[in-house]
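Can you join these two chains into the complex? Each is in its own frame, and there are hints to help.
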Amino acid sequence: MRWGFTLIEVVVALVVLEITAVGVAAMLRLASVTLERAEQLESAVANAEGVLDSLKRATVIEDGTLRFGAGDVVWTVSDDGDVVIRAVTYEGVTLFVVRTLLSAR
Amino acid sequence: METVVAVSLGTLVLQLGLVSVQRTRLAHTRIVERIDALGSFRLGRFVPRRELRYALAGRDWWVDADSLALRAFRGTGVVCPTDGVSSDLVVSFRGDRQPDPEKDSVLLIGANGSASVAALSAVGTVTEACGIGPATPALWRLDRPAPSQVVVARLFERGAYHLSGSALRYRRGASGRQPLTPEIWSMPATRWIESVERVAFAYVPSGAGPRRRWTGFLAWKSGR
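In the order they appear, the protein sequences are chains P and G. Just so we're aligned, residue 31 is where the first sequence starts under our numbering, counting upward by one. Just so we're aligned, residue 65 is where the second sequence starts under our numbering, counting upward by one.
Excised from the complex, chain G in its bound form (with noise of 0.2 Å):
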């Protein structure tokens, strides 16, 4: 009798020690699936939304399918005063990263309001610059001479975000698309949506329900 009921209990113990383990990894697996989606719905919602904060669509930034192609600001040089017209220019940098001439174009900003663009050949370094506050002095060799009377340059990186292979992805120059979020997007549900007048997206986790579609508002097309 005893043998019985112990091995009918110890039986008892084993199913429900296996169930519980069952459950629990599961309900695991289920929580740390939605704070990796919630993290990663963060990011895509705050990343692309920063870098279209003060550019101008059209000519900063545009949708093409899965992708989201853009100028990227990523810091402004005071240009120190030169004589004469030159392709070297002397200045003080503050931006987010150091410039990589492989990667990234300058806005050259006149002091009468005049804009124009060149490519970033070099960069060198100097002593002293002609900048206030913490900024790096710089020597930055363009591919063509700066106009005369240039006052700022303006640091701006070719990349393009993609929505693609189940997860947000950032392609920086002519590198390949690099994941930003774990591969967690159900395609193509999870999407750029434009209309004529913004662009918004649209985030599904995969194998999630409708109310875990969340959705955003993205940039204007218009000017403001």
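Bound conformation, chain P alone (with noise of 0.2 Å):
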């Protein structure tokens, strides 16, 4: 009897080793993504306070628009007065939408 892997098990092994690998890319990828995601978000957070604070300085308000390294932070006056602030990525995916306590009337 001789010692030693069949030419099947190391492929087993291969394909074993194979799905750990990818598994684990992908876990990174996921990982990257959602850091991708938090770190727009709170790019986005950043310029948006800094939009709320002019927009309360300000006597007239109207609509209007920040481009920051993530996106645009864009500020609209509702039909009933209110100011609502809106943070949108370049690829269109909106992250958040608040509604403040500043009225435009």
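Treat the hints as calculated values from the structure; they're not laboratory data. Check the hints yourself; a few may be wrong.
In silico DMTMM-like cross-links for lysine to aspartate or glutamate, where the CA-CA straight-line distance does not exceed 25 Å [said to hold, decoys possible]: (1) G/285 to G/261; (2) G/285 to G/258; (3) G/285 to G/207; (4) P/86 to P/112; (5) P/86 to G/130; (6) P/86 to P/66; (7) G/285 to P/110; (8) G/285 to P/92; (9) G/167 to G/124; (10) G/285 to G/130; (11) P/86 to G/258; (12) P/86 to G/221; (13) G/285 to P/79; (14) G/167 to G/128; (15) P/86 to P/72; (16) G/285 to G/124.
See below:
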């Protein structure tokens, strides 16, 4: 009797290794995508805070847009006079929508 | 023949394994760096904004190159009524931390709205004060007699935030600059951005591309 691995055993081991490697890579990819979203959100919040501070001082509020690293912060005056702030990525994904307590009227 | 196949497959497996480990480690390192940068940015955005929220530019804070010097509000003491003028005040204190005579100064506000500044020389304990609610009774000794009719003593800490040495740092009083974030920021791209009207900030992690430049608003320089 000869000791060692058969070709089938080696192939099975390779497949298992491949599945594990693909799983780890997928987890890292998912972590990276989630982190990307968190970065966009953080950046949007930082810029939306600045917009909100500016709007609080403004005597007249009109619709506007602020471009930042990950997308746009857009503020609009709704029909009932409330100011709504929306953050959108360059890919068109809405990060958040905030209806503020500010009123344009 | 079997030996050749075994050696070839073994080499392939080893190579694949090494490449996988290397790439996984690299990806993991990058993710950890980005998480560090994200957490640090949040801290660097939130803390100075909170400190300056109710402060007045020029009087309470000012920017000088990499420094953001300020008198940071740390708490309020309701002054118990006394007879006459004294440098000792019995207060009911409520604040972020306990007063420290080595670092703190006090803004004394009178019943008529007058204000004056005094340094805190010593802090003692008293068993009872006049405050209402969850406040700490304390005896504050000032470096000068407090004006009569003082009703409130606001406690301030002298300090400065610095964007230096690749980190956001805080220097309290005359002590050294202590890092608040890891040393991950690219200098001088990471800085306070000062204009006539306002102060903003830009944080750029080391080795990051243009999309990783994080900016935000800090405070207005003119009154509200």
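**OP:** Could you grab the alpha-carbon distance between residue 285 of chain G and residue 261 of chain G and see if it respects the 25 Å cut-off?
**Re:** holds, 5 Å
Subject >> Pair hint residue 285 of chain G and residue 124 of chain G, alpha-carbon separation not exceeding 25 Å >> reply: Judged against 25 Å, a Cα distance of about 11 Å means the pair holds.
Original post:
Holds or violated: are the alpha carbons of residue 86 of chain P and residue 258 of chain G at most 25 Å from each other?
Top reply: Satisfied, since the Cα-Cα distance of roughly 20 Å is no more than 25 Å.
Original post:
Given the hinted pair residue 285 of chain G and residue 130 of chain G, is their alpha-carbon gap at most 25 Å?
Top reply: holds, 17 Å
Subject >> Pairwise hint evaluation, residue 130 of chain G against residue 86 of chain P, where the allowed Cα distance is 25 Å at most >> reply: violated, 28 Å
Original post:
Between residue 167 of chain G and residue 128 of chain G, is the straight-line Cα distance small enough, at 25 Å or below?
Top reply: Holds, because 21 Å separates the two Cα atoms, which is no more than 25 Å.
Original post:
Does the alpha-carbon distance linking residue 167 of chain G and residue 124 of chain G stay inside the 25 Å limit?
Top reply: holds, 15 Å
**OP:** For the pair we were handed, residue 86 of chain P and residue 72 of chain P, check the Cα-Cα distance against 25 Å.
**Re:** Holds, because 21 Å separates the two Cα atoms, which is no more than 25 Å.
**OP:** For the pair supplied as a hint, residue 285 of chain G and residue 207 of chain G, confirm whether the alpha-carbon distance does not exceed 25 Å.
**Re:** Violated. Residue 285 of chain G to residue 207 of chain G sits at ~31 Å, over the 25 Å cutoff.
Original post:
Would the pair residue 86 of chain P and residue 112 of chain P pass a check requiring their Cα atoms to be no farther apart than 25 Å?
Top reply: holds, 13 Å
Subject >> Given pair status - residue 79 of chain P, residue 285 of chain G, alpha carbons within 25 Å >> reply: Between residue 285 of chain G and residue 79 of chain P the Cα gap is close to 16 Å, so the pair holds against 25 Å.
Subject >> Hinted pair residue 86 of chain P and residue 66 of chain P, Cα distance within 25 Å >> reply: violated, 30 Å
Hints 3, 5, 6, 7, 12 from the list above are not met by this structure, while the remaining hints are.
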